[in-house]
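Undergrad: One-letter residues, chain by chain:
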Amino acid sequence: MMGKKVIITGVPGVGKTTVVNKALKTLKEMGVEYTSINFGSFMFDVARSDDIVQDRDQMRTLDRGVQKRLQQRAGQAIAQVTGNVLIDTHASVKTPKGYLAGLPEWVLREIMPDIIVLVETDNDQILMRRLTDETRSRDKEGYNSIAEHQQFNRSIAAAYAMMTGCTIRIVTNPDFLLERSSAELVEVLR
Amino acid sequence: MMGKKVIITGVPGVGKTTVVNKALKTLKEMGVEYTSINFGSFMFDVARSDDIVQDRDQMRTLDRGVQKRLQQRAGQAIAQVTGNVLIDTHASVKTPKGYLAGLPEWVLREIMPDIIVLVETDNDQILMRRLTDETRSRDKEGYNSIAEHQQFNRSIAAAYAMMTGCTIRIVTNPDFLLERSSAELVEVLR
Amino acid sequence: MMGKKVIITGVPGVGKTTVVNKALKTLKEMGVEYTSINFGSFMFDVARSDDIVQDRDQMRTLDRGVQKRLQQRAGQAIAQVTGNVLIDTHASVKTPKGYLAGLPEWVLREIMPDIIVLVETDNDQILMRRLTDETRSRDKEGYNSIAEHQQFNRSIAAAYAMMTGCTIRIVTNPDFLLERSSAELVEVLR
Numbered sequence: 489m490m491g492k493k494v495i496i497t498g499v500p501g502v503g504k505t506t507v508v509n510k511a512l513k514t515l516k517e518m519g520v521e522y523t524s525i526n527f528g529s530f531m532f533d534v535a536r537s538d539d540i541v542q543d544r545d546q547m548r549t550l551d552r553g554v555q556k557r558l559q560q561r562a563g564q565a566i567a568q569v570t571g572n573v574l575i576d577t578h579a580s581v582k583t584p585k586g587y588l589a590g591l592p593e594w595v596l597r598e599i600m601p602d603i604i605v606l607v608e609t610d611n612d613q614i615l616m617r618r619l620t621d622e623t624r625s626r627d628k629e630g631y632n633s634i635a636e637h638q639q640f641n642r643s644i645a646a647a648y649a650m651m652t653g654c655t656i657r658i659v660t661n662p663d664f665l666l667e668r669s670s671a672e673l674v675e676v677l678r
Numbered sequence: 489m490m491g492k493k494v495i496i497t498g499v500p501g502v503g504k505t506t507v508v509n510k511a512l513k514t515l516k517e518m519g520v521e522y523t524s525i526n527f528g529s530f531m532f533d534v535a536r537s538d539d540i541v542q543d544r545d546q547m548r549t550l551d552r553g554v555q556k557r558l559q560q561r562a563g564q565a566i567a568q569v570t571g572n573v574l575i576d577t578h579a580s581v582k583t584p585k586g587y588l589a590g591l592p593e594w595v596l597r598e599i600m601p602d603i604i605v606l607v608e609t610d611n612d613q614i615l616m617r618r619l620t621d622e623t624r625s626r627d628k629e630g631y632n633s634i635a636e637h638q639q640f641n642r643s644i645a646a647a648y649a650m651m652t653g654c655t656i657r658i659v660t661n662p663d664f665l666l667e668r669s670s671a672e673l674v675e676v677l678r
Numbered sequence: 489m490m491g492k493k494v495i496i497t498g499v500p501g502v503g504k505t506t507v508v509n510k511a512l513k514t515l516k517e518m519g520v521e522y523t524s525i526n527f528g529s530f531m532f533d534v535a536r537s538d539d540i541v542q543d544r545d546q547m548r549t550l551d552r553g554v555q556k557r558l559q560q561r562a563g564q565a566i567a568q569v570t571g572n573v574l575i576d577t578h579a580s581v582k583t584p585k586g587y588l589a590g591l592p593e594w595v596l597r598e599i600m601p602d603i604i605v606l607v608e609t610d611n612d613q614i615l616m617r618r619l620t621d622e623t624r625s626r627d628k629e630g631y632n633s634i635a636e637h638q639q640f641n642r643s644i645a646a647a648y649a650m651m652t653g654c655t656i657r658i659v660t661n662p663d664f665l666l667e668r669s670s671a672e673l674v675e676v677l678r
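Line order of the protein sequences matches chains Y, R and U.
According to my numbering, the residues represented by the first sequence are 489 to 678, in order.
According to my numbering, the residues represented by the second sequence are 489 to 678, in order.
According to my numbering, the residues represented by the third sequence are 489 to 678, in order.
Isolated chain Y (complex conformation) (with noise of 0.2 Å):
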């Protein structure tokens, strides 16, 4: 029986790693699993294989005809994976020439998604998360900016849904209620 596929998203700095790993963490309790994909870390592995890129950093500078092949046959493969799917991508990537649909249409036509997730909080949150994340180097960004992100996300994902009759789910992390919003995707997932 194939499993359901959930492909989860957020904007950097919105909490999207913790509210999964705990989400995950309930759902094995209730039985319920799910294989986790990176669909970066998944592509690169692909890429790897076929002798295209020795390493990560090759990935950027890929002609952009190879790299729609190498979305395509990523997202076939993952399409061939049994049971329950959550699939860690962005709705749309931030790029010095503008926004970049993380969901081209021949990535979705091949995954086929049951779900879709938007993981978002508060504009507000996010900028100041990211303000003080020691830890990882992020862009700054402002309020509006974010705000600008998280609303071509909502649209995006409007698209995506059109394209594959997938529904689409806001999830809220608010203030970082990591139990609340992990709830929610528990409900979402199970």
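Treat the hints with caution; some may be incorrect.
No copy is singled out in the list; a pair is fine if it fits within one copy or between any two copies.
[Stated by the list, open to error] Computed list of lysine-lysine pairs in PhoX-like fashion (alpha-carbon distance at most 20 Å, straight line):
1) K585 / K492
2) K513 / K556
3) K492 / K513
4) K513 / K582
5) K556 / K510
6) K556 / K585
7) K582 / K510
8) K585 / K510
9) K492 / K556
10) K556 / K516
11) K516 / K582
12) K492 / K510
Rather than coming from a laboratory, the hints here were simulated on the basis of the structure.
Place chains R and U on chain Y using the hints.
TA: What follows is chains R and U alone, placed relative to chain Y:
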């Protein structure tokens, strides 16, 4: 001659039915006829005539693949209807697993609508109407939640416009001033 | 070698033409050349050379199927242009029947742009500019209406990003500070 295919949408409590009925009455007086189709009922009729379901409750429990084929068949049948057609459905449906596209790509490609109308009103008006409407049991939702849903509908409507080349017309139903919003709709439909 | 395909959009009155001209001048001084194409004019040239229309007014009255083929042919021709191309069009056009996609799916699939730029400014600035611009007869629109249009453009741009894998770059033209916004555009185009 092929008529116009117009899809009309609005979140629960927006007053869509009232606006539509008033507009259709005015149009009839002007000599403009529309066949009214409710997409959900139409799909149920297809499912029942194919012996896939016996009653409406079973529609919710269908396998995703079966549902997709049903949606597509309903879309094909609607595309065959001659003359002007007004299709009543939702831009997106709010479910426990998140927002679900009312018009996924495989339905849009069959219907290829000319116009999609979003009937909107103040979030606060919807809230008040839902709280006071005793005749229908509607989900109780807060102000922010309704605003989020209306915003999501605008986003997904933009994706529909890209896919089909239809226009997206926002008709505002302010303070339930029926005359004004139905007059706006008449302008769109005639 | 194929150059970059960049599409530049903005609501009427945003100051797009001025920003673009300034940016192209700077780029030329840097040795970066772009062929400028206006999508509407380009489509008209295709239609005239095919004897479909004689003058520009006829473009608005074309049958939907004819218009679709013309758009697609124009997209194909633009895809053939070598070197860097800057395509001037609208993310969406406001019509009496609602917002119309400037770049429907069948055009996007031909052009497959690298970047779509949204030139934006404060809604209030646009309003002031439209009210004071005597040289062009622009539609009179209120503040909310311009805000709604700019928001719709962001949403539909997200759908474009999903379909093509292009980036969506929002370039702000604040208080018509030409230097700053054209410098931002130079960064995107060079």
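Undergrad: Please go over all the hints and tell whether each is borne out by the structure.
TA: Tested hints:
{"no.": "1", "hint": "K585 / K492", "in the structure": "between (34 Å within a copy, 12 Å between copies)"}
{"no.": "2", "hint": "K513 / K556", "in the structure": "neither (34 Å within a copy, 33 Å between copies)"}
{"no.": "3", "hint": "K492 / K513", "in the structure": "within (17 Å within a copy, 47 Å between copies)"}
{"no.": "4", "hint": "K513 / K582", "in the structure": "neither (30 Å within a copy, 27 Å between copies)"}
{"no.": "5", "hint": "K556 / K510", "in the structure": "neither (33 Å within a copy, 34 Å between copies)"}
{"no.": "6", "hint": "K556 / K585", "in the structure": "within (18 Å within a copy, 30 Å between copies)"}
{"no.": "7", "hint": "K582 / K510", "in the structure": "neither (27 Å within a copy, 26 Å between copies)"}
{"no.": "8", "hint": "K585 / K510", "in the structure": "between (35 Å within a copy, 19 Å between copies)"}
{"no.": "9", "hint": "K492 / K556", "in the structure": "between (25 Å within a copy, 17 Å between copies)"}
{"no.": "10", "hint": "K556 / K516", "in the structure": "neither (35 Å within a copy, 31 Å between copies)"}
{"no.": "11", "hint": "K516 / K582", "in the structure": "neither (33 Å within a copy, 28 Å between copies)"}
{"no.": "12", "hint": "K492 / K510", "in the structure": "within (19 Å within a copy, 44 Å between copies)"}
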